[in-house]
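Starting from the known structure of chain A, arrange chain B on it as the hints suggest.
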Amino acid sequence: MTPHESPRRGPASGVRLVCAPASPADLLLRHVHALDPRTGLDGLHDVLVRGGEIAEIGAAGMLTAPAGAETVDGDGRHLFPAFVDPHVHLRTPGQEHKEDLETGTRAAAAGGYCAVVAMPNTAPVVDSGPILGALLDAAAREARVPVGFMPAITRGLAGRELTEMAELRALGAAGFTDDGRPVADAGVFRRALQYQRLCGGVLALHEEDPALSGTGAMHEGVVSALLGVAGIPSVSESTMIARDCALAEYEQARIHIQHLSARESVAVIAAAKARGVAVTCEASPHHLTMTDEDVRGLDPRRKMNPPLRSEEDRQALVEGLRSGVIDCIATDHAPHARDEKEVPFEQAPMGTTGLETAFAAVFTDLVVPGHLALELVVEKLTAGLGLLGLFVPAIAAGERANLVLVDLDAEWVVGESGYESRSKNCCFAGRTLRGRVLLTLAAGAVAYRERSTILSVPAQVTSSEGRSLR
Amino acid sequence: MRHLLSIEDLTRDDIERILDRAAAFEEVSHRDIKKVPALRGRTVLNLFYEASTRTRSSFELAAKRLSADVVNFAASGSSVEKGESLKDTVLTLTAHSPDAIVIRTPYAGAAALVAGWTTAAIVNAGDGKHEHPTQALLDVHTLRQKLGSLEGRSIWIVGDVAHSRVARSNILAFQLMGADVTVCGPPTLIPRGIEALGCAVRYDLGDLREADVVYALRMQRERMDQHFVPSLREYAAQYQINGRRLGPRQVLMHPGPVNRGVELSGEVVDSPQAVITMQVKSGVVVRMAVLYEVLAGARDERSVPRPTEPQLA
Numbered sequence: 001m002t003p004h005e006s007p008r009r010g011p012a013s014g015v016r017l018v019c020a021p022a023s024p025a026d027l028l029l030r031h032v033h034a035l036d037p038r039t040g041l042d043g044l045h046d047v048l049v050r051g052g053e054i055a056e057i058g059a060a061g062m063l064t065a066p067a068g069a070e071t072v073d074g075d076g077r078h079l080f081p082a083f084v085d086p087h088v089h090l091r092t093p094g095q096e097h098k099e100d101l102e103t104g105t106r107a108a109a110a111g112g113y114c115a116v117v118a119m120p121n122t123a124p125v126v127d128s129g130p131i132l133g134a135l136l137d138a139a140a141r142e143a144r145v146p147v148g149f150m151p152a153i154t155r156g157l158a159g160r161e162l163t164e165m166a167e168l169r170a171l172g173a174a175g176f177t178d179d180g181r182p183v184a185d186a187g188v189f190r191r192a193l194q195y196q197r198l199c200g201g202v203l204a205l206h207e208e209d210p211a212l213s214g215t216g217a218m219h220e221g222v223v224s225a226l227l228g229v230a231g232i233p234s235v236s237e238s239t240m241i242a243r244d245c246a247l248a249e250y251e252q253a254r255i256h257i258q259h260l261s262a263r264e265s266v267a268v269i270a271a272a273k274a275r276g277v278a279v280t281c282e283a284s285p286h287h288l289t290m291t292d293e294d295v296r297g298l299d300p301r302r303k304m305n306p307p308l309r310s311e312e313d314r315q316a317l318v319e320g321l322r323s324g325v326i327d328c329i330a331t332d333h334a335p336h337a338r339d340e341k342e343v344p345f346e347q348a349p350m351g352t353t354g355l356e357t358a359f360a361a362v363f364t365d366l367v368v369p370g371h372l373a374l375e376l377v378v379e380k381l382t383a384g385l386g387l388l389g390l391f392v393p394a395i396a397a398g399e400r401a402n403l404v405l406v407d408l409d410a411e412w413v414v415g416e417s418g419y420e421s422r423s424k425n426c427c428f429a430g431r432t433l434r435g436r437v438l439l440t441l442a443a444g445a446v447a448y449r450e451r452s453t454i455l456s457v458p459a460q461v462t463s464s465e466g467r468s469l470r
Numbered sequence: 001m002r003h004l005l006s007i008e009d010l011t012r013d014d015i016e017r018i019l020d021r022a023a024a025f026e027e028v029s030h031r032d033i034k035k036v037p038a039l040r041g042r043t044v045l046n047l048f049y050e051a052s053t054r055t056r057s058s059f060e061l062a063a064k065r066l067s068a069d070v071v072n073f074a075a076s077g078s079s080v081e082k083g084e085s086l087k088d089t090v091l092t093l094t095a096h097s098p099d100a101i102v103i104r105t106p107y108a109g110a111a112a113l114v115a116g117w118t119t120a121a122i123v124n125a126g127d128g129k130h131e132h133p134t135q136a137l138l139d140v141h142t143l144r145q146k147l148g149s150l151e152g153r154s155i156w157i158v159g160d161v162a163h164s165r166v167a168r169s170n171i172l173a174f175q176l177m178g179a180d181v182t183v184c185g186p187p188t189l190i191p192r193g194i195e196a197l198g199c200a201v202r203y204d205l206g207d208l209r210e211a212d213v214v215y216a217l218r219m220q221r222e223r224m225d226q227h228f229v230p231s232l233r234e235y236a237a238q239y240q241i242n243g244r245r246l247g248p249r250q251v252l253m254h255p256g257p258v259n260r261g262v263e264l265s266g267e268v269v270d271s272p273q274a275v276i277t278m279q280v281k282s283g284v285v286v287r288m289a290v291l292y293e294v295l296a297g298a299r300d301e302r303s304v305p306r307p308t309e310p311q312l313a
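Residue numbers (this note's numbering), protein chains in the order written: chain A, 1 to 470; chain B, 1 to 313.
Extracted from the complex, chain A is given alone in its bound form (with noise of 0.2 Å):
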């Protein structure tokens, strides 16, 4: 599998990322607290972008800008590698009232990020090879940074007939995911483990059982008591990561566990590890932060699936994340229309946008008050597409440029100057939250630029060939 590649149609094999063609970046980036938790990379430096490489990384005030490149003056503030997140709803084709794959993109980049992953529930369902070809041609035109897409495990996200994995996988699939609802059907399930063996493909899992979910529209507990709202227990989603890390470990299958709630799926995935089952999970930036409490004031843009769960649970994550039991931090990046969050809780769908506060949620929340060490939580960021096979953005010469430059000291209140994504449903709306992301570079080129990132010296013009992913 190849880490980048063209926007022209590849090779028949191996994943495939994908986005619009944009200009190579060359630029000095002067004065960045470099941080690279895998390289051990933390300090002051000068990091100089040549033709969408990483070409030297140079002691603060010591490199030069050649002729043609920008400099960027980043005055100490922080350079990280560019955040990845396999699990993202960029909603095309056939929702584009709530995102597409521009707007989507153009959040990702604005929240950091450098390479993203779509899930299939879409309208129609990501589920043939006309359909996923289609759109890896549409994110060739659209896309701000690099986009994969994760078919569905069954037609039309029934849970009964497999899709046609062998070819999906062929076509450039990310791995193959029914997110959004649970494969309920063990039998099912079982089969596209074994079928893992021909087509390869990680199969990320959204958790529950529809039986105990039932009408659920929030974490039961002491709040839904309270609010008469129909409760969707936690042992909904353990008892179906327990059942399917139990197959995954029979069939010596490779699965990746999605937004984790709850405590007890905490536990069932640190057991299962423990004894070797090829399972890997995410907790969202949400979870990790929120709890039942905060779904009080029964404000739509708070319900979503899996739900915000109790302030045990929510520390369970926490200390998931420090364990190394939690692999990676993941948005569920989840857009919808105002009108259709703009009604009654129980009525509303479930999701909350994501990519745009990820970082800096989870800064104020955990780093800032010392429950995560900054080093830990840009590695949850970064971690995301290496667990499906894909890449690690890093920080070292001779790397693609996939980098965000972040000040850690600004403050910001979220939506106050709207958002990138189409939706506004961001269950932080109103916060004031505090980092905020300067400039991101995604695939050697510059994917967003916060307006107020003074430069030392203007843009030139660059060539107009597209960019030379490998």
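Take the hints with a grain of salt, since some may be wrong.
Here are a few chain A residues that face chain B, going by a calculated C-beta distance under 10 Å [to be verified]:
(1) 217
(2) 223
(3) 229
(4) 298
A short list of chain B residues far from chain A (calculated; beta carbon distances all over 10 Å) [as the list claims (entries may be wrong)]:
(5) 30
(6) 87
(7) 129
(8) 191
(9) 237
(10) 270
(11) 272
Derived pair list, reagent style SDA-like, types lysine to any residue, alpha-carbon separation capped at 25 Å [as the list claims (entries may be wrong)]:
(12) B:82 <-> B:56
(13) B:87 <-> A:215
(14) B:82 <-> A:97
Source of the hints: derived by calculation from the structure; they are not laboratory data. In this text the structure is predicted, and so the values were computed from the model without any measurement. Glycine included, every Cβ here is placed at the ideal spot set by N, Cα and C.
For chain B alone, kept in the frame of chain A given last:
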């Protein structure tokens, strides 16, 4: 008070002020001409998204006895059936400048949401399984009439607590007025975590005799289809309030409509301990007091429009 959205928003003083006014309105109900001009020229709009004869007509009578104009807007046969959203319906109706909207919906929090979309005062007449605050107020009023005070009284709420907005509002209101509340019902119909509201939880009627007041909830037949209890017969055997279980000095309440032979036996419905019709009577005077409270009680605040974004908690 600008809106009545939930008992959770109220203090004991609020409840006492409203019910003292309700007591004053009792006198009006006994006149030949049962009408006072307190809300003359005001418009009260009843917006009901669920079938309700009792609550809606109780609000209608209350508004009319205060000389307000009443418009009834039922969801069936209206634009709602044509797919109009709650917000659009409320914005459309707000264009008629109602002074108060009495709203019932099948969704928790809907009344509070609507309060952000209109300048009218909102009275929650039931939002999903969340709250039914005027029912709780009329029940407290009834008990104050019957017992004087609720202080130190033991009140058992029996039945399907999980699906009951009446239970939730009454647990809060009875406790606010100083009573000790016990909820009792099948374990499948007692929500996990309900103790956090301050009430005790029992799964059988063994200690029912300790109650001063027995408040039976309606057992809805649709719960049978969802198999929350094995059968109505078994439910009645375990939880029916009947002559054998109800003591002579206990007060029996029910929000209506009663399923005779299910949650209550016929004999107790007709017994002197039952105050069920008294509750219905209280409904009109308490709703008069509530409409008076939100329309004439706080005139100064009402000109401030509220933003249309859903409010953060």
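Evaluated hints:
Below 10 Å, beta-carbon pairs count as interface contacts, and residue 217 of chain A has one with chain B at about 8 Å; its hint therefore holds. A cut of 10 Å between beta carbons decides the hint on residue 223 of chain A: the least distance to chain B is about 8 Å, and the hint holds. Taking 10 Å as the C-beta cut-off, the interface hint given for residue 229 of chain A holds, the closest approach to chain B being about 5 Å. A distance limit of 10 Å between C-beta atoms decides the matter here; for residue 298 of chain A the minimum to chain B is near 3 Å, and the interface restraint holds.
The claim that residue 30 of chain B is not at the interface with chain A holds, since no C-beta of that chain comes within 10 Å of its own (minimum 36 Å). The beta carbon of residue 87 of chain B sits about 6 Å from the closest Cβ of chain A, which is not more than 10 Å, so the claim that it is off the interface is violated. Not every Cβ of chain A is farther than 10 Å from the Cβ of residue 129 of chain B; the closest lies at roughly 3 Å, contradicting the non-interface assignment. A cut-off of 10 Å between C-beta atoms contradicts the statement that residue 191 of chain B is not in contact with chain A; the least separation is 4 Å.
Look at residue 237 of chain B: its CB is around 27 Å from the nearest CB on chain A, clear of 10 Å, so calling it non-interface holds up. Against chain A, the non-interface label of residue 270 of chain B holds: every CB pair exceeds 10 Å, the least being about 32 Å. With a cut of 10 Å on Cβ distances, residue 272 of chain B stays outside the contact zone with chain A, its closest approach being about 33 Å. With a C-alpha separation of about 23 Å, the suggested pair residue 82 of chain B and residue 56 of chain B falls inside the 25 Å cut-off, and the hint holds.
For a cut-off of 25 Å, the pair hint linking residue 87 of chain B to residue 215 of chain A stands: about 23 Å separates their Cα positions. Of the pairs offered as hints, the one joining residue 82 of chain B and residue 97 of chain A holds, with about 22 Å between alpha carbons and a cut-off of 25 Å not exceeded.
In terms of the numbered hints stated before, the structure departs from hints 6, 7 and 8, listed from lowest to highest.
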